[in-house]
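Trainee: Spelled out from the first residue to the last, the chains are:
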Amino acid sequence: MNNKSNDILLEMRDIRIDGYSDDRWHEIIKGVDLTLRRGEILGLIGESGAGKSTLGLAAMGFARPGCKISSGSVQFDGMELTDMSENERRSLRGSRICYVAQSAAASFNPAHRLIEQTVEATVQYNLQSERDAKLDACGLYKELQLPDPDNIGNRYPHQVSGGQLQRVMTAMAMSSRPDLIIFDEPTTALDVTTQVEVLSSMRQIVEQFNTAAIYITHDLAVVAQMADTIKVLRYGETVEDAPTRVMLSDPQEEYTKSLWAVRSIQKQPSVSDDIALEVRGVDASYGASVKVLHDVSIKVPRGRTVAVVGESGSGKSTAARAITGLLPPSKGEILFNGQALPPALKNRSKEQLQRIQMIYQMADTAMNPRHTVRDIIGRPLQFYLGLTGRALDARILELLELIELDASFMDRLPGELSGGQKQRICIARALAAEPELIICDEVTSALDQIVQEGILKLLLRLQEELGITYIFITHDIATVKAISDEIVVMFQGKVVEQGSKDEIMAPPYPDYTELLLSSVPEMDPDWLTNLLSKRAS
Amino acid sequence: MHPILSTIIQRLGLGLLTLFIVSIIIFSSLEFLPGDFGQAVLGQAALPETVEAFRRELGLDRPPVERYFMWIGNVLQGDLGNAFSGRNASGVDRSREVWAMIEPRLMNTLFLATMAAVIAVPLALFLGITAALYRNSIYDRVVNSVTLTTISFPEFFVAYILILVFATYFKIFPSLANISDDTDFTEKIYRSALPAMALTMVIVAHMMRMTRAAIINLLASPYIEMAELKGVSKSKIILRHALPNAWAPIVNVIAFNLAYLVVGVVVVEVVFVYPGLGQLMVDAVTSRDIPVVQGCALIFAGTYILLNLFADIISIISNPRLLHPR
Amino acid sequence: MSDSENHTQSSGYSAAGEVTLVKARRTFSENLIRTLKSAPPTAWFGMIVIAIYLFVAILAPLLAPYGEAQVFPMAYAPWSDEFMLGTDALGRDVFSRLIYGARNTIGIAVATTFLAFLIGGSLGVMAAIGRGWLDQVLSRFVDVLMAIPSLIFALMLLSIFGANALNLIFIIAVLDSTRVFRLTRAVALNVVVMDYVEAARLRGEGLGWIMRKEILPNIMPPLVAEFGLRFCFVFLTIAALSFLGVGIQPPTADWGSMVRENAGLIQFAEYDLTAALTPMIPATAIALLTVAVNFVVDWFLHKTSGLRDEQ
Chain A
916 MNNKSNDILL
926 EMRDIRIDGY
936 SDDRWHEIIK
946 GVDLTLRRGE
956 ILGLIGESGA
966 GKSTLGLAAM
976 GFARPGCKIS
986 SGSVQFDGME
996 LTDMSENERR
1006 SLRGSRICYV
1016 AQSAAASFNP
1026 AHRLIEQTVE
1036 ATVQYNLQSE
1046 RDAKLDACGL
1056 YKELQLPDPD
1066 NIGNRYPHQV
1076 SGGQLQRVMT
1086 AMAMSSRPDL
1096 IIFDEPTTAL
1106 DVTTQVEVLS
1116 SMRQIVEQFN
1126 TAAIYITHDL
1136 AVVAQMADTI
1146 KVLRYGETVE
1156 DAPTRVMLSD
1166 PQEEYTKSLW
1176 AVRSIQKQPS
1186 VSDDIALEVR
1196 GVDASYGASV
1206 KVLHDVSIKV
1216 PRGRTVAVVG
1226 ESGSGKSTAA
1236 RAITGLLPPS
1246 KGEILFNGQA
1256 LPPALKNRSK
1266 EQLQRIQMIY
1276 QMADTAMNPR
1286 HTVRDIIGRP
1296 LQFYLGLTGR
1306 ALDARILELL
1316 ELIELDASFM
1326 DRLPGELSGG
1336 QKQRICIARA
1346 LAAEPELIIC
1356 DEVTSALDQI
1366 VQEGILKLLL
1376 RLQEELGITY
1386 IFITHDIATV
1396 KAISDEIVVM
1406 FQGKVVEQGS
1416 KDEIMAPPYP
1426 DYTELLLSSV
1436 PEMDPDWLTN
1446 LLSKRAS
Chain B
509 MHPILSTIIQ
519 RLGLGLLTLF
529 IVSIIIFSSL
539 EFLPGDFGQA
549 VLGQAALPET
559 VEAFRRELGL
569 DRPPVERYFM
579 WIGNVLQGDL
589 GNAFSGRNAS
599 GVDRSREVWA
609 MIEPRLMNTL
619 FLATMAAVIA
629 VPLALFLGIT
639 AALYRNSIYD
649 RVVNSVTLTT
659 ISFPEFFVAY
669 ILILVFATYF
679 KIFPSLANIS
689 DDTDFTEKIY
699 RSALPAMALT
709 MVIVAHMMRM
719 TRAAIINLLA
729 SPYIEMAELK
739 GVSKSKIILR
749 HALPNAWAPI
759 VNVIAFNLAY
769 LVVGVVVVEV
779 VFVYPGLGQL
789 MVDAVTSRDI
799 PVVQGCALIF
809 AGTYILLNLF
819 ADIISIISNP
829 RLLHPR
Chain C
3 MSDSENHTQS
13 SGYSAAGEVT
23 LVKARRTFSE
33 NLIRTLKSAP
43 PTAWFGMIVI
53 AIYLFVAILA
63 PLLAPYGEAQ
73 VFPMAYAPWS
83 DEFMLGTDAL
93 GRDVFSRLIY
103 GARNTIGIAV
113 ATTFLAFLIG
123 GSLGVMAAIG
133 RGWLDQVLSR
143 FVDVLMAIPS
153 LIFALMLLSI
163 FGANALNLIF
173 IIAVLDSTRV
183 FRLTRAVALN
193 VVVMDYVEAA
203 RLRGEGLGWI
213 MRKEILPNIM
223 PPLVAEFGLR
233 FCFVFLTIAA
243 LSFLGVGIQP
253 PTADWGSMVR
263 ENAGLIQFAE
273 YDLTAALTPM
283 IPATAIALLT
293 VAVNFVVDWF
303 LHKTSGLRDE
313 Q
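Protein chains in written order, with our numbering: chain A, 916 to 1452; chain B, 509 to 834; chain C, 3 to 313.
Derived by calculation from the structure, the hints in this document are not laboratory data.
There's no promise every hint is true.
[Unchecked claim] Quick list of simulated restraints, FRET-style, between CB atoms: (1) A/Y935 with C/G69: 35 to 41 angstroms; (2) B/S653 with C/V73: 39 to 45 angstroms; (3) C/L65 with B/L520: 53 to 59 angstroms; (4) B/K744 with A/D922: 39 to 45 angstroms.
[Claimed, not checked] In silico DSS-like links for lysine-lysine, alpha-carbon gap of 25 angstroms or less: (5) C/K305 with A/K1261; (6) A/K983 with C/K305; (7) B/K742 with A/K1049; (8) B/K696 with A/K983; (9) A/K1049 with B/K679; (10) C/K215 with A/K1265.
Ideal Cβ placement from N, Cα and C applies to all residues, glycine included.
Construct the entire structure; sequences and hints are all you get.
Mentor: Here it is in structure tokens:
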């Protein structure tokens, strides 16, 4: 990360962008300044709705349909983009400024081969002949460590994996040797182990060609590996600007600190031999052929939290479906308080259903948008406990207080709640049944960091007060550290390891656990460098 | 086997199965007739023996399954049986072969439908694509409102307006489309001008709206935005990035509307007294001449199914996921 | 209404204080007035036209100068003070029949559409929840029914069962319910896969509760729009069949048959334009109502989601 000149490449001054919604214009970027030197990488970080992508696209002089740059200046290499004609702006895109999108699978045209799309811009601007551009693209594929670099370009987008597509898209951006690349959450959709590979190849190639970049993400640990300086954005305004190392060691603003809030929670693990739920040798499959669980055994001690960790496709959510009876196991059994539960949901008694509750990842879809908070929390109270009238209202109110909300929320619809509030209502709905065990399926992964912290603290407090047992399904190691007593690691439908948090989190690790744990980015700018050199040796 | 081939064979099989079931439904319409329909066809004066002979001719003395296979066997050889009309109580049978009645009419209807399609398809695609490209412009709004109005019009309304304006007020075209086998080609076109125009107007409106919706849907894809961010020009985005993915939706729109044409033709033929299949069917329904109704229904339904099958196959072979499997 | 500007900085974080967007509480009539105020002119036009049609249909006996089938001894009388739109071939007052026609034509179409929704809607929701064999059987059956163009199918069935209003209603309703079934099933399937439906099943709720409380409220908006579109389709189909002479039978006054009965007058345009316009008036009445409903539905669709741009 050297070779930085003082030559300013991009300078944005007092950028204001309006977005159109609910029949009127709202300001979504409220006067942001941004300076980028040649060869420099700027990390643009913020939570959902902060306006990161909008700002990133504005650096290309582009506004999505329904948005417009209302004022401010964008100087790129001495040219004022806002004064240019649309055609002049267009001629910069794909030649001097390139873009790498979040969803590679959707951003490639399904009808054309990868290599055609990789060289399209380069050939169109006559920067290289088609033949040379294609040869060069193969070289880039190789640099980016894609398998079979000479031939992978002849495939169609649906024929390669998500991680590979993301790298092909980086090659596409690099093909014209631009001065600036905008990376818009390029690794967000990838699993952690894939993310490491993609990150390292992207970092290597921008360094090699001394390309300036704006790296947009919500993950501070990821951006710390890539960026020279970091800009924190919230509600369309700059919160803090600082060089990466300064930002990590000495953040000035409260909000910046809250960005790694979850990492500050540390539960003191405790063990217990009193087993509430036991999954014993369970196999499960979707349809007749697709077997997703292979001989899965999990023990869940009473009043403790068992975190089930794994990447997408590891079978962790399927395990939850087997426990709840939504997907009856084809082999094995599930014991609850020492008694075998009927495998299928429809054969379980109301009392058995009441004892095990579930909280979902997307609180949005877990609540009926047409029911009020009163209906949502009230229904299990009526259904299981037979509460009505005053008693019902009083209990709903108690539950709302338990989750730190008040009576004013009673008659709101889910659409009128924030993400964190929605998840709290879901927690209250689970609590209303007075369960012994709650299965939490990625309950915090759709939430912003500070909200995650609040939810995790709430869950911990509820466990202390009510002695509830949790099965906590997640792919996020920071969350695991924050909340678990015991950890189960799953991979390809099998349990790789189960044990107390201290055992699992300390070496020696089995291969997969090692790979998984080491792939989780840390708040250390040298983490990726160290990891790669360690893996290489 | 290549997945494209197996998918196509699967669709063809499904199409054949559908045709088979539809033929059963059409065949069994005879079963639902009231028991005394023989009397009704032949007249009250018919002798019991005559009625019995008639029932035997229709095979009503044999089990339905056996009768179906005989019927479908004949149909496949082009024999749709004899019409009910032309019989009388005395047992003298002047009924005509259904196929002989249908054939010339079918040719006329195909002529009319082709004429309408040749005008309507390119026109609708042009209007739909341009409206989608210049979305929310004045042009788009005008085209949109006009077509929304037109699809709300019954076919006979459109047809009578055309007659009123172009036949009785300005005597440009004949109001009755009187054609026969020995009418020469240009004369045929001239006489069929108004019915073709009426059909075109109805089809264009539907087709244009569906094309517009399909293209707009396509232009909202992330890969189109990606192409914009690569600096690809507007015309190239359409030609290189949108069009290759647009075949399937466009072909579906065309097939759907050609199938719709099949229905629209019935009413339009009646308005212009055009000697086509639709006219024949309506007459047969009025006189409850079941074999003729069956024959017409079979041809209409068959065309409809084949058109949709054709569209299905085109969208299969234009799908890169199937063309280039993993 | 959005208060995203007055957010608090994170130092004072509380769950209740998180930024949200609370819609102002309004009564039903306030909401209705707000919605109507934002309606475009086309929608206004549509609503006014529909209101007039309903008014005429309901008050037909009071508005019509003569009886529905009252015959006068003068066939094809010209437009005059006595017979506003003249008389038809049998000497019946065209204007009166037009007014009664509103009641008959719209009434039959509405009844048919309701029946189609009753059949298609309930089966569609059941298929979506139940999946399995019921869904398979119904879906395949509907596929086959939809493989025959519905006007052709209707013509065939009418030739078997005979053309009368009752048969017409049943045949069209059954044929049209296939489309309602498809839509309802598709929309309901989107709702059935939602976590809140799974949550209700995990709670142990019965099928009836899930259908009524979880699914129905969420599929209403597209179904309401579809009702408008299906009504137009049914209305036009019945008009076409009546026009072809196999729909609503005389002496019942009905717009489709009125066009057919007076179509011959169109030849006299050069001698008496008003006579030529006589068959056009019921045809216009049909067209105007469908245009009006389409305009309102278009606006409604645009408001509720913007999905389903067409078809």
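Trainee: Assess, step by step, whether the Cα of B/K742 is no farther than 25 angstroms from the Cα of A/K1049, and give holds or violated.
Mentor: 24 angstroms, holds
Trainee: Does the structure keep C/K305 and A/K1261 at a Cα separation of 25 angstroms or less?
Mentor: Judged against 25 angstroms, a Cα distance of about 40 angstroms means the pair is violated.
Trainee: Measure nothing beyond the straight line between the CA atoms of A/K983 and C/K305; if it is 25 angstroms or shorter, mark the hint as holding.
Mentor: 23 angstroms, holds
Trainee: Next pair to validate is C/K215 with A/K1265; report whether the Cα-Cα distance is within 25 angstroms.
Mentor: With a Cα-Cα distance of about 19 angstroms, the restraint between C/K215 and A/K1265 holds, given a limit of 25 angstroms.
Trainee: Take the C-beta atom of B/K744 and the C-beta atom of A/D922, compute their distance, and say whether it sits inside 39 to 45 angstroms.
Mentor: 33 angstroms, violated
Trainee: Is the gap between the beta carbons of B/S653 and C/V73 within 39 to 45 angstroms?
Mentor: Holds: the Cβ-Cβ distance is about 42 angstroms, inside 39 to 45 angstroms.
Trainee: State, for the Cβ atoms of A/Y935 and C/G69, whether the hinted interval 35 to 41 angstroms holds or is violated.
Mentor: 58 angstroms, violated
Trainee: Are B/K696 and A/K983 close enough, with their CA atoms no more than 25 angstroms apart?
Mentor: Answer violated: B/K696 to A/K983 is near 57 angstroms, above 25 angstroms.
Trainee: Please verify whether A/K1049 and B/K679 have alpha carbons no more than 25 angstroms apart.
Mentor: At roughly 65 angstroms apart (the allowed maximum being 25 angstroms), B/K679 and A/K1049 break the hint.
Trainee: Quick check on a hinted range of 53 to 59 angstroms for C/L65 and B/L520, using CB atoms only.
Mentor: At 58 angstroms between Cβs, range holds.
In this structure, the earlier hints numbered 1, 4, 5, 8, 9 are contradicted, and the remaining ones agree with it.
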